[in-house]
Structures are given as C-alpha cells and as structure tokens.
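Asker: Chain by chain, the residues run as shown.
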Amino acid sequence: MTGFVARRLATALLQLVGLALVVFFAIRLLPADPVARLVGQNASREAYLASQHALGLDRPVLTQFGAYLGALPGASGLLQGDFGTSWVTGEPVAKEIGRALPVTLELITISFVLAFILSVPLGMLCALKPGGAADNATFGYSLFAGSQPEFWWGLLFIYFFFAIMGWAPAPLGRLDPLSTAPPAVTGLITIDSLLAGNMAAFSDGLHHLMLPVLTKVFVLSGPIVKMVRQNMVRVLGSDYVLFARASGLPPGRIARMALKNALAPALTLLGVLYGYILGGAVLIETVFSLPGIGSYAVRSVLAFDYPAIQAVVLVIAAVSLFVYLALDIVHALLDPRLAS
Amino acid sequence: MRKVLTGLATAAMMSVSMQTMAQTLAVGKQLLYLAEDVPAGLDYDGPSVSVNTSQTGFINMMDTLIDYPLSGASQDGIRTLDFSRFEGRLAESWSYDAASLTWTFKLRQGVKSCAGNTFTADDVIYTLARGKSVSGAAPINWFLASLGSIKGFDRSVFTGGSRELGDAVEKVDDYTIRIRQSSENNLFLTVLTVYSMAPFDSVEMKKHATAQDPWSHTYANTVNAAGFGPYCLERWVKDDEFVLRANPDYYRGKPDIDRVVIKRVPQSANRVLAMRAGQAQLTQRLAAREFQNLATARGVKVAGIFGNETLVLGLNWRTPPFDNPKLRQAIAYAMPYEQLARIGYAGAGRQWEAHFPTSIAGFIKPEQQYPRDLVRARVLLAEAGFPEGKGLEQYADAFHLAFTAERESYLGPIATAIKAALGDIGIQLQIDPMPQTQFADRRMVKKDLPMALSDTEKPVGPDVVYATRLYFVSPQAGGVNNITNYSNPELDRLFTAAQTEPDPAKRLPLVAQIQNLVQSQLAWVPLLETRTQWAFSERLSGLTWHPDNSLRLFELKLAQ
Chain A
1 MTGFVARRLA TALLQLVGLA LVVFFAIRLL PADPVARLVG QNASREAYLA
51 SQHALGLDRP VLTQFGAYLG ALPGASGLLQ GDFGTSWVTG EPVAKEIGRA
101 LPVTLELITI SFVLAFILSV PLGMLCALKP GGAADNATFG YSLFAGSQPE
151 FWWGLLFIYF FFAIMGWAPA PLGRLDPLST APPAVTGLIT IDSLLAGNMA
201 AFSDGLHHLM LPVLTKVFVL SGPIVKMVRQ NMVRVLGSDY VLFARASGLP
251 PGRIARMALK NALAPALTLL GVLYGYILGG AVLIETVFSL PGIGSYAVRS
301 VLAFDYPAIQ AVVLVIAAVS LFVYLALDIV HALLDPRLAS
Chain B
1001 MRKVLTGLAT AAMMSVSMQT MAQTLAVGKQ LLYLAEDVPA GLDYDGPSVS
1051 VNTSQTGFIN MMDTLIDYPL SGASQDGIRT LDFSRFEGRL AESWSYDAAS
1101 LTWTFKLRQG VKSCAGNTFT ADDVIYTLAR GKSVSGAAPI NWFLASLGSI
1151 KGFDRSVFTG GSRELGDAVE KVDDYTIRIR QSSENNLFLT VLTVYSMAPF
1201 DSVEMKKHAT AQDPWSHTYA NTVNAAGFGP YCLERWVKDD EFVLRANPDY
1251 YRGKPDIDRV VIKRVPQSAN RVLAMRAGQA QLTQRLAARE FQNLATARGV
1301 KVAGIFGNET LVLGLNWRTP PFDNPKLRQA IAYAMPYEQL ARIGYAGAGR
1351 QWEAHFPTSI AGFIKPEQQY PRDLVRARVL LAEAGFPEGK GLEQYADAFH
1401 LAFTAERESY LGPIATAIKA ALGDIGIQLQ IDPMPQTQFA DRRMVKKDLP
1451 MALSDTEKPV GPDVVYATRL YFVSPQAGGV NNITNYSNPE LDRLFTAAQT
1501 EPDPAKRLPL VAQIQNLVQS QLAWVPLLET RTQWAFSERL SGLTWHPDNS
1551 LRLFELKLAQ
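In order, the protein sequences belong to chains A and B.
Just so you know, the numbering used here puts 287 at position 287 of the first sequence, and the rest follows in order with no gaps.
Just so you know, the numbering used here puts 1412 at position 412 of the second sequence, and the rest follows in order with no gaps.
Please note that a few of the clues may not be correct.
Under the rule of at most 30 angstroms between Cα atoms (straight-line distance), these lysine-lysine pairs were calculated in the DSSO-like manner [claimed, not checked]:
hint : chain 1 : residue 1 : chain 2 : residue 2
1    : B       : 1419      : B       : 1458
2    : A       : 95        : B       : 1447
3    : B       : 1326      : B       : 1419
4    : B       : 1206      : A       : 95
5    : B       : 1458      : B       : 1301
6    : B       : 1326      : B       : 1447
In case anyone wonders, no lab produced these hints; they're calculated from the structure.
What you are looking at is a predicted structure, and each value in this text was computed from that prediction instead of being measured.
Kindly generate the complete structure, drawing on both the sequences and the hints.
Answerer: See the structure below:
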C-alpha cells in the first residue's frame, strides 16, 4: 500500500509541475494587458510604465518565470512555497486562497456527504425492485434535477424558500451580515464557531448553508442514485449473490456484500464530480454571495491578476488530485487487487 | 414535561431577544449596504484605485483639504453640489499669490484621526512627498498634482528627475502650509477635491513603513487607510465584507450612522430581493429594469441624477475613413438616441447633446446639434464620398464596433441597434465584444480600436477644462486619455488659454469655444447621458451625488 501511495503522489507532483508551466506561459499569450486594468483608464503613459515596472512585467518572460519559480537570487517563489502577491489587492495570494478555499470546501464537502448518505439507500431501494414505484420516481427526479443548471435551481430555491416562504435567510453570504463572525481558525464557519463556543454563529452558519447545500444535494444526488442503482442491479444479479441466497444468508448480509462491490464505481463518480464541482463552484457562490475559491478564480482571471491565477489553478488541481488519491486508497481498501 | 420544555424555550427566546436588543443598543444605528464588491485595496496610489468599490472604502475613511458646497437637489431628492465654488474641509481657508504662484492654506486645528493623532501640516507634506515618490503601483496622487501644476510634479520623475518634494511645499507652522505651482493653472483647487489628494495620518503611516516599503503602500493597501475621515475601519474581509465604524472625534461631528456594513453581493437579483425584504438599506449598480422593479417595492425608494455617467461612440481619427468629418456627422445624425436609452437603460437615459456632462462647471449646450435625421445622414454620407455607403467596403476592417463583453447585457442590445441604424443609411457594421482587459488595453494603451462603445468616461474633476485635458487635448500638449486620437492645435491652444486665464469673465468664452469646437468636429460621438441611481430604504436620506459616484456615508441620515 505504501508503494501504491508513493507512486500516486509522484504522479500527482509531476502533473502539478506540468500544470504550473502551462498556466504560466498560457496566460501571457492572451491578447490583453493587465497593467491597463490595474492603473485605470484615465492614467497617464508615465503612470502606466511605472506600474509595469513595479509588477516586473517589463522583464523578459524567462526572467519572469525564474522569479515565479523562485530560482533568481534573492527571489522567493514556488520552490520556497510562495505564491507571490496579488496585483489587485497587494495581499499574499496564499493568504487570500486560505480564506476563500475553506468556504468552498465546507459547502461542497457537506453537500457531497449528504448527497452520498441520501443517494446510496435510495439507489439500493430502487435496485431491489427495478421498474417499481420507487425506481420510477427516482428516475423521474434524476431527469428533473439534471435538466437545469444548478444556478437556476439556486435562484428558484431562493425565490421560493426566501422570498415566498421566508424559511431561508437572505442569500447574503455565510452569516448574517450584521452578526459577528467567530475568529478564523480553520476558515470553516461551522468548525470555528464550535471552537469558539459561539452557538449563535453555528446555527446562523448552518441556516445560511441550508439553500446552497440543498441546491448542491438536489443536483448531485441524481447521478449518484443512478450509479448506485445500476451497480446494485448488476451485482444483485451476479452468481455469488445467487449462491449466497441459495445458501440461506439473511438479506441484510447479502445487501452489505453487494453494496461493497457496487460502491466502487460510485466512488469513482464521486471523485470526478468533486473535481468538476470545485472547478465550477463560481456559479453557486455567485448566486449565494459566498466568497469562495470559484469567485476568487473568476475575479483573478477578469483582473488578469497573474500570481492569483497561477496559484488558484495549482491549488484547485492539488485539491482534486488529493481527492483522487484518497478515493484510490479507498478503492484499494475495497478491492486489494488495485493496490498491487 | 411539556410545560417545562415550553418554559425553557420561552426563556431561551427571551434571552436571545434581550441579547439582540442589548447588541443593537451597544452598536447604535447600523446600515447594511449591498454592493457588487467590497474594496480590494485602500491605497489610492495602489493597484485598486481604478476599482469604484475600492474608492468607496478610502473616500469614507479620509478627507480632502477642500470640497464643494451643497447647492440643491435633483427632482428625485438626490442632493447636488455647486462645482463653481469651494468650501474648506481639512483646510479652513486659503489664499493665492499670483506673483509667486503660491497657495497658502490655513489648516483646521483639533482634527483627530481614527488612531487619535492630530492633523498638522506634516500630514499634507507627507502625503505630497509620498505622491511624488511615485512608489505606488498606480501613481494617481502624482498624476493629479501634475494636472494642478504643483511644482516638480512633472514627467521628469520617470526619467531620472528628482523624486523629492523639494521646495514645492513649505511648512510655515503646524497649521499653515504653502504650495507652489510651476505655472498658472486654474485646475489646482479642482484636483484638491479629488480623493487621491486626501492627506494621510503620517504618524500612523510611518509606524508601518519598512525598508522595502518606506511609504507604507502595503499597509495602506491591505490593512488600513490611515486618514482623518468620518469612518474608521472595523473589519475587512476581502471579497466578502467591509465594516466601518463612526469616528467619534470627526471634526464635522459624529456621523448619524454608527456602523456601516458593506456586503459583497455580486448577483444584482439578490440585492433586489434583499432590498424588497427590507433586510438591507442601500444598494446601487443594478440593471435599469431592476431599479424600475424596486421602485414599486414597499419601503424602498429609487432615486437618481444625471451626473457624469455617459455613453459614447468613439471613432478613431487615425483609422480611415473616420478621419472624414462628413462621415462622422452622418453617423451622428443616424443614431437612434431614444431607442438606445430605452433598450439599454430602460428609459433612464437621454440624448447627450454635448461632449461634456451637463452637471459640471463651465458647461454650455453647444450650438451644433445632431438630432436623429436619416435624410440629412444620407446626404452627408454622399457628400463624404460614400453615397448609400458605396465605397465603404474597402474599410470593412474599420467597421468593427467593440465593447466590453462583461457589459453585454446592456451594451449588446445597444450595439445591435446601432448596427441596424447605420444599416438604414447603407453602412454595414460588425459587432465585436471583447473581454474588459483586452478592451482597456486596446483603448488606452494601443489606442487602435476603430469603433468603440464606452461608458467609463466620468471626469472626477467636475470642470470642463479638466475633462478637456483628460479626453481631447493632444498628447503633445499634455493630453492624458485621448481615446479617439483627436488632435487639433486650435483646441490645444484654447485649453492652455482657459487653464491659465485667471479672470473668470475672460475664461468663460474660452470654455464655451472649447465645447463648440469639439462638438462641431465630433471628437467622439456623444450618445447618451445616463442616470446614476440608488435604491434605498425610505428611512434613509441625505444621499448626495459626488463626481466620483461614491456616496459619502457621513452625509446619510437613518431614521429609527
């Protein structure tokens, strides 16, 4: 198992290095000038040149690359674990990402766990009686939930649960804007409020997560239910389940055996979905005014904030690779043949 | 058991209510202001200065030496300023000695910053010395000082000249300073009203200086803007929220609103919903139709003013055939102004009949006008040498109408209407939306866009001469952001004369000539003046329009 994990880590590292190279040069090929955006449209030519020099953009591209890596004498860069400073805010990019990433991770991790907890039993239920009422209803729901993009569902839920019913809070971020946030330790409001013993912030945080999580779970559950259902149907029809039934094993034990084999493909789907949702988090963050990594990525791209773009791509890729790695380990535990 | 549970629940609810009441009493009046973003930085010489939401931050935390007095109100009740007069803020009085080109300012005494430091002449000197060091990412203080001809603030600082303040500013005593100009320039007081000339609290700023950053740009940009304004920073989470607390020692009196929470809500539809639900008291930058929608909501008011927001069609003078005056006029006569105002701004716009906003000092309505007149447009097109558009095929590359793709929602329909209108007289057009950064680069740096729709020309110095230098003066004569490459020696001469003429009576005709000249030549094609609007709780009052389009929170009053 150790060798398996080491091999996967080495591959992930190579992928990150390749990505860093591609992103650095690709953004510099785009036909736009970040300096013009930064100094404003009424700035003079001299101000523009001064700004260009301050950002180091008057140097040759290879020198800029050396500075980015931290390979130049006295420079601090990727090799020293330094993502640089944002050109828009002047803050260290690592600090900004450290603030934005937990917001998104909290949202999508809770959503994934809930979606998984709901979808697995639902998928099993459908698989027990293919073509039955539960199966047909689930099929209809999957089709319905997947027929519209998630931001559309988000807006609809806001309209219904906030504007009409008044059950949900206004979509104004992670907490009531007039409340006081708990001190940031992990960046996850739920955890930080518990650490601070601030139960009002904890319940307010959960309340504000209600609609974004509902939106995510609503959209995510469809494909997971379908995947679990199809795998369970296939597994329940296999020879070893037939043999187990013939041997008189209780249905609960048979279901546990079948589930173990049916879960592996669903986990793969989960990994793919996690990376996909992380990269596209901006839609749900925009709808619910959440200052997450998706919004940060889009803001950085629109402002041509090179250090932030470079870092955010690497961080999102690293999180996705970490999730893939974790799922590979779970896979290997479920099916020891994979580890060899 | 049930009774016990009910009792416990009631006690818990009462406790929470009492806590909330106690919190409200402790905090005082609070305002929730929903914005599309919160300040990205607080250094007005920093990279975020061009971002309007950043300006909202430092504008309310700092104060300028002088400003404009109130003059009246728009029909909707938005208060307006009198741009022909100045009134003291951190400066109490001032005088000018024409012989030595020297301004003497008497500074206000007893002014305290949020850090508790007292305002003195040293703060003004520090601020101008910092500006002349051009050490920030966007040296706007230097730029404004150069527009006002403060001695030594010229282009030489970028070519090896001195970056020291020298004798440009002299401290007479703690509350008196003298500022010297390099030449007579009437824009001097105008530039002093702009936010990037506001004095820093030098004592506080110096505490955060480092060897690498002697002027504390990092501190100002990422931690706090140390100034002498009405509000102090309480909390700032970038990309999320910005919380200000009233400065109890503010020299004009403690602000009416004790705490202001500026919350980032990028989705304008959500801002509308929150306003409708009464959960926020102020928002702006909604789509015109959303303002219309909110105007019918209970407890919400929508008000606006024709300030300095406009829409122009830039035709590049260096790109044939746009150097043909008759063609430019034909295009102006063909524009469907009313339709553009309707489809792009839901009626919150009107034909712009000049090259300058009607609100600014020195404005006159020019004699030459371009109402929609297709017959006249066709005649002018023929006189230009292109009857019914024939012959323009060879310039197909020039007829690409660019605009920023991020503003597609309203500029897209406007571009389509222009394409259709020009098609009516025989001019074929391609629509060319592009990313904002690419648009800004080609418009400001390369200046090679043949045709461009732009709504970002908003002079923060509300004066015709200031706007002339910004948009129409040639680079050789000191022009700054001449986006259409307009160049006219006569205009340059009139500008210099107007800028240096000390007698207001002699200056007015020069200013009028400038306006008539650019209008007759169509330096650009003015399309619309658009309303700057706000949606706010009916309990809120005191909204005042300033040329930077940022509200002064100090001026707001919130009824309980």
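Asker: Next step is simple, just say for each hint if it's right about the structure.
Answerer: A quick look at each hint next to the structure:
no.: 1; hint: B:1419 / B:1458; in the structure: 25 angstroms, holds
no.: 2; hint: A:95 / B:1447; in the structure: 37 angstroms, violated
no.: 3; hint: B:1326 / B:1419; in the structure: 19 angstroms, holds
no.: 4; hint: B:1206 / A:95; in the structure: 24 angstroms, holds
no.: 5; hint: B:1458 / B:1301; in the structure: 25 angstroms, holds
no.: 6; hint: B:1326 / B:1447; in the structure: 22 angstroms, holds
Comparing the model with each numbered hint stated earlier shows that hint 2 is the single one that does not hold.
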